[in-house]
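Engineer: Could you build the full structure based on these sequences and the hints that come with them?
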Amino acid sequence: MDLEKLTIQEANKGLREKKFSAQELTSLFLSQIDDKDKGLGAYLEVAREEALVQAARVDALIAEGKPIHYLTGVPLAIKDNILIRSRQATAGSKILENYTAAYDATVIKNLKKEEAIFLGKTNLDEFAMGSSTENSAYQVTKNPHDKERVPGGSSGGSAVAVAANMALGALGSDTGGSIRQPAAFCGVVGLKPTYGAVSRYGLIALASSLDQIGTLTKTVGDAVILFRGITGYDELDSTSVPNLNYDELLVFDEERIKNLTIGIPKEYFVEGLSGEVARGVEEAIETLKKAGFKFKEISLPHTKYALSVYYIIMPAEASSNLSRYDGIRYGTRSEIQNLLELYLKDRAQGFGPETKRRIILGTFVLSAGYYDAYYIKAQKVRALVKQDFERAFEEIDVILAPVTPTLPFKMGEKTEDPLEMYLSDIFTIPVNLAGLPALSLPVKGRGDELPIGFQLIGKPFREADILGVGQIYESS
Amino acid sequence: MPNKEFDIKYFSGLARIDLTPEEEERFTKDLNEVLDHFKELEAVDTNEVSPMAGGTGLVNISSEDEIGLKVGVEPLREQFPDEKDGLLRVPKVFD
Numbered sequence: 001m002d003l004e005k006l007t008i009q010e011a012n013k014g015l016r017e018k019k020f021s022a023q024e025l026t027s028l029f030l031s032q033i034d035d036k037d038k039g040l041g042a043y044l045e046v047a048r049e050e051a052l053v054q055a056a057r058v059d060a061l062i063a064e065g066k067p068i069h070y071l072t073g074v075p076l077a078i079k080d081n082i083l084i085r086s087r088q089a090t091a092g093s094k095i096l097e098n099y100t101a102a103y104d105a106t107v108i109k110n111l112k113k114e115e116a117i118f119l120g121k122t123n124l125d126e127f128a129m130g131s132s133t134e135n136s137a138y139q140v141t142k143n144p145h146d147k148e149r150v151p152g153g154s155s156g157g158s159a160v161a162v163a164a165n166m167a168l169g170a171l172g173s174d175t176g177g178s179i180r181q182p183a184a185f186c187g188v189v190g191l192k193p194t195y196g197a198v199s200r201y202g203l204i205a206l207a208s209s210l211d212q213i214g215t216l217t218k219t220v221g222d223a224v225i226l227f228r229g230i231t232g233y234d235e236l237d238s239t240s241v242p243n244l245n246y247d248e249l250l251v252f253d254e255e256r257i258k259n260l261t262i263g264i265p266k267e268y269f270v271e272g273l274s275g276e277v278a279r280g281v282e283e284a285i286e287t288l289k290k291a292g293f294k295f296k297e298i299s300l301p302h303t304k305y306a307l308s309v310y311y312i313i314m315p316a317e318a319s320s321n322l323s324r325y326d327g328i329r330y331g332t333r334s335e336i337q338n339l340l341e342l343y344l345k346d347r348a349q350g351f352g353p354e355t356k357r358r359i360i361l362g363t364f365v366l367s368a369g370y371y372d373a374y375y376i377k378a379q380k381v382r383a384l385v386k387q388d389f390e391r392a393f394e395e396i397d398v399i400l401a402p403v404t405p406t407l408p409f410k411m412g413e414k415t416e417d418p419l420e421m422y423l424s425d426i427f428t429i430p431v432n433l434a435g436l437p438a439l440s441l442p443v444k445g446r447g448d449e450l451p452i453g454f455q456l457i458g459k460p461f462r463e464a465d466i467l468g469v470g471q472i473y474e475s476s
Numbered sequence: 477m478p479n480k481e482f483d484i485k486y487f488s489g490l491a492r493i494d495l496t497p498e499e500e501e502r503f504t505k506d507l508n509e510v511l512d513h514f515k516e517l518e519a520v521d522t523n524e525v526s527p528m529a530g531g532t533g534l535v536n537i538s539s540e541d542e543i544g545l546k547v548g549v550e551p552l553r554e555q556f557p558d559e560k561d562g563l564l565r566v567p568k569v570f571d
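Chains as they are written, first to last, in my numbering: chain R, 1 to 476; chain L, 477 to 571.
Worth flagging that the hints you see were computed from the coordinates, not collected in a lab.
Just so it is clear, CB atoms sit at the ideal spot from N, CA and C, and this is done for glycine as well.
Do not rely on the hints blindly, as some may be mistaken.
Cβ-to-Cβ under 7 angstroms is the rule here; a few derived chain L residues that face chain R [claimed, not checked]: (1) Phe514; (2) Glu516; (3) Asn523; (4) Ile537; (5) Pro557; (6) Gly562; (7) Leu563; (8) Pro567.
Chain L is nowhere near these chain R residues, computed Cβ spacing over 10 angstroms in every case [as the list claims (entries may be wrong)]: (9) Tyr99; (10) Thr261; (11) Tyr422.
Structural biologist: This is how it looks when you write it as structure tokens:
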């Protein structure tokens, strides 16, 4: 088995054809984790025994001739803000150190139905707040391409697990770029689905109007399979959309895809975008032009305001969502006199600096006297950001843009300056504000150089378009 | 947008987070910088724009008020930090 080249699709084929067993496959990934993860820090918890028990069950199913799904026996990594029943879910925070999930997230329930295997839970910035995975209360995760550099975040652990062959695929969550940015920094494929396409039930909430669970995989083909495994209506998430039909994803219609027009937003190729990243994205555009795609320059005029809008709305929602961590339901009770003291102490000890900063900022923008000036203003500009996309999509079908303004930065380079860290999300945030699907994929032919990512942004629920263009790019 | 120094003591109190003096100093500096950045929004004309509510303009859904708890009580109680004779103990609210 050539691990470098092994994909979900091939692993599934290998299991069907009995070239290897699910236990052999799982053991191979567990030994990869043993060998490499000490130096990379992708996993917070490795569930060795549970994974091998799951694999043994898969082998028994195969031996009995039971139907094999696309994800049966596929070893996956799960971001530690997604609940798996009876397992830890720290969200990278001290405040959830001793928490054990009481139920499965809907995405996990769906993957269990397909008999996928969960190798473990991966590291993240605390409550998914961050762009480097340096904000975890437990450990930092390193970029496998250069261990001095960050893997991106907040789904850094999941991206590294896939990039370093310590999982065949992974789940992450994307609130402002938390799947796409680490995918770009680690050289893997990251899909942020349309808001409402994947149930958020069992995802530890950061900002509920922006959060979406998505996938990290080695190839676009694998993203199709994993996305299909987790999408679907869920009555337990009131923002989940009924009657979605993604059957189209299984029938790759190359002719239809090649007739799509791709828009290039001029506001994404501005000062602040590094020359090397710009050249990488240009190369991707050239490749797609050669493949026959038509391109058109477009304008998304409110792009430059998206960062401010995001850093008002996201902390506002986070301050509300994180108010549940009050020391009452879980955690430890230190010697305290009254309820207020419990709140103040438990939250002071349990949250890290970035989480505190954002909760306080969110409390501020929602407070009487500031609400209209900040929160309502931001929701209005958000509507304009969304309108920009709607207008653009009248002329074109897919938008192509850079994912990050720079190459992966050095560890510690931005930890002292929050605003500088926030700026690393400028190209990913608008998609979340507008609820659109976007696919981050690595520019080809980088060899040993640091990876560069570009993203394809689609119309709502048109994952088939961006995944289709992505598949053509990969095979060009 | 208001042009005042960020009142860290007041807002950390509202957020129910005790801060150390060092944290107060650091966050005041950080948040002042961030609020300064937000001033760019003043340039956007939003007089004719309705604010968005929620993610994507999805319509509200409602459901019958029925008990649908699918998680047993036991796993939730196990998490609870203070329990006596099957009852959950919380700190007193009033002195």
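Engineer: Was the hint right that proline 557 of chain L lines chain R, CB cutoff 7 angstroms?
Structural biologist: Because about 5 angstroms separates proline 557 of chain L from the closest Cβ in chain R, which is inside the 7 angstroms limit, the hint holds.
Engineer: Does proline 567 of chain L pass the interface hint, meaning its C-beta sits closer than 7 angstroms to a C-beta of chain R?
Structural biologist: holds (5 angstroms)
Engineer: Is the interface hint satisfied for asparagine 523 of chain L? The criterion is a beta-carbon contact with chain R at less than 7 angstroms.
Structural biologist: Where the cut-off is 7 angstroms and the nearest Cβ of chain R is about 9 angstroms from asparagine 523 of chain L, the hint is violated.
Engineer: With a cut-off of 7 angstroms on the beta carbons, see whether isoleucine 537 of chain L makes it to chain R.
Structural biologist: OK, holds: isoleucine 537 of chain L within 7 angstroms of chain R, min 5 angstroms.
Engineer: Tyrosine 99 of chain R: least C-beta distance to chain L exceeds 10 angstroms?
Structural biologist: Nearest chain L Cβ is 6 angstroms from tyrosine 99 of chain R, so the label is violated.
Engineer: Any Cβ of chain L at or closer than 10 angstroms to tyrosine 422 of chain R, or is the non-interface label fine?
Structural biologist: violated (8 angstroms)
Engineer: Under 7 angstroms is the threshold here; is the Cβ of glycine 562 of chain L close enough to any Cβ of chain R for the hint to stand?
Structural biologist: violated (16 angstroms)
Engineer: Measuring Cβ to Cβ, find out whether threonine 261 of chain R lies farther than 10 angstroms from everything in chain L.
Structural biologist: Check passes; 23 angstroms lies beyond 10 angstroms.
Engineer: Against chain R, with CB atoms and a cut of 7 angstroms, does the hint on leucine 563 of chain L hold up?
Structural biologist: violated (14 angstroms)
Engineer: Hold the hint about glutamate 516 of chain L up to the distance rule: shortest CB distance to chain R must be less than 7 angstroms.
Structural biologist: holds (6 angstroms)
Engineer: Tell me if phenylalanine 514 of chain L is really an interface residue toward chain R, meaning its C-beta lies closer than 7 angstroms to one of theirs.
Structural biologist: Given a least distance of 5 angstroms, the restraint on phenylalanine 514 of chain L holds.
The structure does not agree with the numbered hints 3, 6, 7, 9 and 11 stated previously, though it agrees with the rest.
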